[in-house]
Amino acid sequence: MSLFKKFSLAKPVLATVLALLMVLCVGCATVRKLDAASILKNTKVEFRELVLDSVEIKPNLFENAKEAIKSSLLPNPQVVSMVQNLARGIIESELGKANLSATLVATSKDEDSLWVRKFAGTLTLDSLIELPFTLKDSCILAPGETPFTLTTQFPLDKRLFELENVKKYRIKGVLEVALKADGETVPLEFDIVHDIKPEEIKALKEQARESLLNGIVSDWVDAFGL
1110 MSLFKKFSLA KPVLATVLAL LMVLCVGCAT VRKLDAASIL KNTKVEFREL VLDSVEIKPN
1170 LFENAKEAIK SSLLPNPQVV SMVQNLARGI IESELGKANL SATLVATSKD EDSLWVRKFA
1230 GTLTLDSLIE LPFTLKDSCI LAPGETPFTL TTQFPLDKRL FELENVKKYR IKGVLEVALK
1290 ADGETVPLEF DIVHDIKPEE IKALKEQARE SLLNGIVSDW VDAFGL
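Start counting the sequence shown at 1110; every next residue gets the next number (the working numbering).
Just so you know, the hints here were simulated from the structure itself, not pulled from any lab data.
One or more of the hints may lead you astray.
[Stated by the list, open to error] With a straight-line cut-off of 27 Å between C-alpha atoms, the simulated DSS-like cross-links for lysine-lysine are: (1) K1150 to K1218; (2) K1267 to K1153; (3) K1245 to K1277; (4) K1227 to K1206.
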(Lines of atoms letter the chains of each structure in order from A and count residues from 1; the text may use other names and numbers.)
(Lines give C-alpha, C1' and ligand atoms only; values in the text may rest on other atoms or scores of the structure.)
Protein backbone atom coordinates (compact mmCIF):
# COMPACT_ATOMS: atom_id res chain seq x y z
CA MET A 1 0.00 0.00 0.00
CA SER A 2 1.38 3.42 -0.93
CA LEU A 3 2.13 6.12 1.59
CA PHE A 4 -0.63 8.27 0.06
CA LYS A 5 -3.22 5.52 0.58
CA LYS A 6 -2.08 4.97 4.18
CA PHE A 7 -2.45 8.67 4.88
CA SER A 8 -5.88 8.73 3.22
CA LEU A 9 -7.05 5.89 5.45
CA ALA A 10 -5.61 7.54 8.55
CA LYS A 11 -7.52 10.79 8.05
CA PRO A 12 -11.00 9.43 8.87
CA VAL A 13 -9.57 7.43 11.78
CA LEU A 14 -7.89 10.55 13.18
CA ALA A 15 -11.09 12.54 12.75
CA THR A 16 -13.04 9.86 14.62
CA VAL A 17 -10.52 9.83 17.48
CA LEU A 18 -10.63 13.62 17.77
CA ALA A 19 -14.42 13.56 17.77
CA LEU A 20 -14.44 10.95 20.54
CA LEU A 21 -11.98 13.02 22.59
CA MET A 22 -14.18 16.08 22.22
CA VAL A 23 -17.23 14.09 23.33
CA LEU A 24 -15.31 12.79 26.34
CA CYS A 25 -14.15 16.30 27.31
CA VAL A 26 -17.65 17.70 26.99
CA GLY A 27 -18.98 14.69 28.86
CA CYS A 28 -16.53 15.18 31.75
CA ALA A 29 -17.43 18.86 32.00
CA THR A 30 -21.11 17.96 32.00
CA VAL A 31 -20.59 15.36 34.73
CA ARG A 32 -18.69 17.87 36.88
CA LYS A 33 -21.45 20.41 36.44
CA LEU A 34 -24.12 17.84 37.30
CA ASP A 35 -22.18 16.74 40.40
CA ALA A 36 -21.81 20.34 41.56
CA ALA A 37 -25.46 21.04 40.78
CA SER A 38 -26.46 17.93 42.74
CA ILE A 39 -24.63 19.21 45.83
CA LEU A 40 -26.23 22.65 45.48
CA LYS A 41 -29.62 20.99 45.07
CA ASN A 42 -29.21 19.62 48.58
CA THR A 43 -28.16 23.04 49.85
CA LYS A 44 -30.51 25.69 51.23
CA VAL A 45 -29.27 29.28 51.11
CA GLU A 46 -30.80 31.77 53.53
CA PHE A 47 -30.29 35.47 54.16
CA ARG A 48 -28.65 36.31 57.50
CA GLU A 49 -28.18 40.09 57.45
CA LEU A 50 -27.43 43.18 55.39
CA VAL A 51 -25.15 45.53 57.32
CA LEU A 52 -23.31 48.80 56.88
CA ASP A 53 -19.55 48.32 57.19
CA SER A 54 -18.41 51.89 56.66
CA VAL A 55 -19.07 55.15 54.83
CA GLU A 56 -16.67 56.81 52.40
CA ILE A 57 -17.10 60.57 51.93
CA LYS A 58 -16.16 61.96 48.52
CA PRO A 59 -12.55 63.18 48.85
CA ASN A 60 -13.22 66.47 47.05
CA LEU A 61 -16.34 67.35 49.05
CA PHE A 62 -14.59 70.17 50.94
CA GLU A 63 -11.82 71.06 48.53
CA ASN A 64 -12.47 74.79 49.10
CA ALA A 65 -12.86 74.49 52.86
CA LYS A 66 -9.44 75.92 53.79
CA GLU A 67 -10.02 79.00 51.67
CA ALA A 68 -13.43 79.48 53.28
CA ILE A 69 -12.09 79.45 56.83
CA LYS A 70 -9.39 81.99 55.98
CA SER A 71 -12.02 84.53 55.01
CA SER A 72 -14.47 83.89 57.86
CA LEU A 73 -14.63 82.55 61.40
CA LEU A 74 -18.24 81.50 60.88
CA PRO A 75 -19.19 77.83 60.22
CA ASN A 76 -18.78 76.78 56.63
CA PRO A 77 -22.15 77.43 54.90
CA GLN A 78 -21.61 74.36 52.72
CA VAL A 79 -21.36 72.09 55.77
CA VAL A 80 -24.29 73.78 57.52
CA SER A 81 -26.46 73.35 54.43
CA MET A 82 -25.53 69.66 54.04
CA VAL A 83 -26.25 68.89 57.70
CA GLN A 84 -29.60 70.71 57.59
CA ASN A 85 -30.61 68.92 54.39
CA LEU A 86 -29.64 65.52 55.79
CA ALA A 87 -31.78 66.21 58.87
CA ARG A 88 -34.70 66.97 56.54
CA GLY A 89 -34.05 63.93 54.37
CA ILE A 90 -32.59 65.82 51.41
CA ILE A 91 -29.43 64.98 49.45
CA GLU A 92 -28.89 67.13 46.39
CA SER A 93 -25.90 65.24 44.95
CA GLU A 94 -23.89 62.13 45.74
CA LEU A 95 -21.87 62.61 48.93
CA GLY A 96 -19.99 59.32 48.97
CA LYS A 97 -20.45 55.56 49.19
CA ALA A 98 -21.80 53.17 51.81
CA ASN A 99 -19.90 49.88 52.00
CA LEU A 100 -22.45 47.11 52.55
CA SER A 101 -22.08 43.44 53.40
CA ALA A 102 -24.74 40.82 52.83
CA THR A 103 -24.22 37.63 54.82
CA LEU A 104 -25.81 34.43 53.52
CA VAL A 105 -25.81 31.04 55.22
CA ALA A 106 -25.72 27.87 53.13
CA THR A 107 -26.99 24.71 54.85
CA SER A 108 -25.90 21.57 52.98
CA LYS A 109 -27.33 18.11 53.55
CA ASP A 110 -24.87 16.59 51.08
CA GLU A 111 -21.86 14.59 52.29
CA ASP A 112 -19.51 16.20 49.79
CA SER A 113 -18.02 19.70 49.78
CA LEU A 114 -17.68 22.41 47.17
CA TRP A 115 -14.83 24.90 46.91
CA VAL A 116 -16.39 28.29 46.21
CA ARG A 117 -13.88 30.23 44.09
CA LYS A 118 -15.92 33.19 42.95
CA PHE A 119 -19.42 34.59 43.21
CA ALA A 120 -20.22 37.72 41.24
CA GLY A 121 -23.47 39.27 40.11
CA THR A 122 -25.98 41.91 41.13
CA LEU A 123 -27.86 42.82 44.29
CA THR A 124 -31.20 44.41 43.39
CA LEU A 125 -33.17 46.36 45.99
CA ASP A 126 -36.67 46.20 44.53
CA SER A 127 -36.76 48.71 41.67
CA LEU A 128 -34.68 51.27 43.60
CA ILE A 129 -31.20 50.25 42.48
CA GLU A 130 -29.10 47.39 41.10
CA LEU A 131 -25.66 47.02 42.67
CA PRO A 132 -22.76 44.81 41.52
CA PHE A 133 -21.39 42.55 44.26
CA THR A 134 -18.40 40.28 44.80
CA LEU A 135 -17.58 37.46 47.19
CA LYS A 136 -15.49 38.82 50.07
CA ASP A 137 -13.44 35.64 50.60
CA SER A 138 -13.30 32.25 48.93
CA CYS A 139 -14.74 29.51 51.12
CA ILE A 140 -15.63 25.83 51.32
CA LEU A 141 -19.27 24.83 51.16
CA ALA A 142 -19.09 21.94 53.61
CA PRO A 143 -21.81 19.70 55.07
CA GLY A 144 -23.80 21.68 57.62
CA GLU A 145 -23.85 25.48 57.83
CA THR A 146 -21.43 27.69 55.91
CA PRO A 147 -21.69 31.51 56.10
CA PHE A 148 -20.32 33.61 53.26
CA THR A 149 -20.27 37.35 52.72
CA LEU A 150 -20.96 39.45 49.65
CA THR A 151 -19.78 43.07 49.45
CA THR A 152 -21.07 46.03 47.48
CA GLN A 153 -21.29 49.83 47.55
CA PHE A 154 -24.45 51.93 47.78
CA PRO A 155 -24.24 55.51 46.46
CA LEU A 156 -25.09 58.06 49.15
CA ASP A 157 -27.47 60.19 47.17
CA LYS A 158 -31.22 60.85 47.37
CA ARG A 159 -31.91 57.11 47.11
CA LEU A 160 -30.66 56.71 50.69
CA PHE A 161 -33.99 58.08 51.94
CA GLU A 162 -35.93 55.76 49.64
CA LEU A 163 -34.48 52.64 51.29
CA GLU A 164 -37.46 52.43 53.65
CA ASN A 165 -39.68 51.59 50.67
CA VAL A 166 -37.63 48.50 49.80
CA LYS A 167 -39.53 45.29 50.58
CA LYS A 168 -37.22 42.66 49.13
CA TYR A 169 -33.89 42.16 47.51
CA ARG A 170 -32.68 39.83 44.81
CA ILE A 171 -29.20 38.35 44.43
CA LYS A 172 -28.47 37.00 40.98
CA GLY A 173 -25.19 35.94 39.45
CA VAL A 174 -22.76 33.18 38.61
CA LEU A 175 -21.27 30.96 41.30
CA GLU A 176 -17.92 29.39 40.36
CA VAL A 177 -17.19 26.23 42.34
CA ALA A 178 -14.87 23.23 42.20
CA LEU A 179 -15.36 19.65 43.39
CA LYS A 180 -11.77 19.58 44.74
CA ALA A 181 -9.36 22.11 46.22
CA ASP A 182 -7.28 22.03 43.03
CA GLY A 183 -10.14 20.99 40.76
CA GLU A 184 -11.44 22.66 37.65
CA THR A 185 -13.92 25.49 38.14
CA VAL A 186 -17.56 24.86 37.28
CA PRO A 187 -19.85 27.88 36.69
CA LEU A 188 -23.41 27.69 38.02
CA GLU A 189 -26.14 30.32 37.82
CA PHE A 190 -27.57 31.55 41.12
CA ASP A 191 -30.78 33.45 41.92
CA ILE A 192 -32.29 34.18 45.35
CA VAL A 193 -35.07 36.54 46.45
CA HIS A 194 -35.52 37.58 50.08
CA ASP A 195 -38.05 39.72 51.94
CA ILE A 196 -36.61 42.47 54.14
CA LYS A 197 -38.24 43.43 57.43
CA PRO A 198 -39.20 47.15 57.58
CA GLU A 199 -37.32 47.65 60.86
CA GLU A 200 -34.14 46.17 59.37
CA ILE A 201 -34.06 48.41 56.31
CA LYS A 202 -35.02 51.47 58.41
CA ALA A 203 -32.18 50.77 60.84
CA LEU A 204 -29.76 50.45 57.91
CA LYS A 205 -30.90 53.80 56.51
CA GLU A 206 -30.58 55.59 59.85
CA GLN A 207 -27.16 54.09 60.48
CA ALA A 208 -25.99 55.24 57.05
CA ARG A 209 -27.36 58.74 57.60
CA GLU A 210 -25.72 59.04 61.03
CA SER A 211 -22.38 57.79 59.68
CA LEU A 212 -22.68 60.22 56.78
CA LEU A 213 -23.34 63.15 59.14
CA ASN A 214 -20.40 62.23 61.35
CA GLY A 215 -18.18 61.75 58.32
CA ILE A 216 -19.09 65.13 56.82
CA VAL A 217 -18.35 67.02 60.04
CA SER A 218 -15.16 65.04 60.65
CA ASP A 219 -13.85 65.59 57.11
CA TRP A 220 -14.67 69.30 57.33
CA VAL A 221 -12.71 69.64 60.60
CA ASP A 222 -9.81 67.60 59.20
CA ALA A 223 -9.67 69.90 56.19
CA PHE A 224 -8.46 72.67 58.50
CA GLY A 225 -6.07 70.51 60.48
CA LEU A 226 -8.00 71.14 63.69
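Next on the checklist: Which constraints among the numbered hints does this structure fail? Numbers only, ascending.
Outcome noted: Failing hint: just 2.
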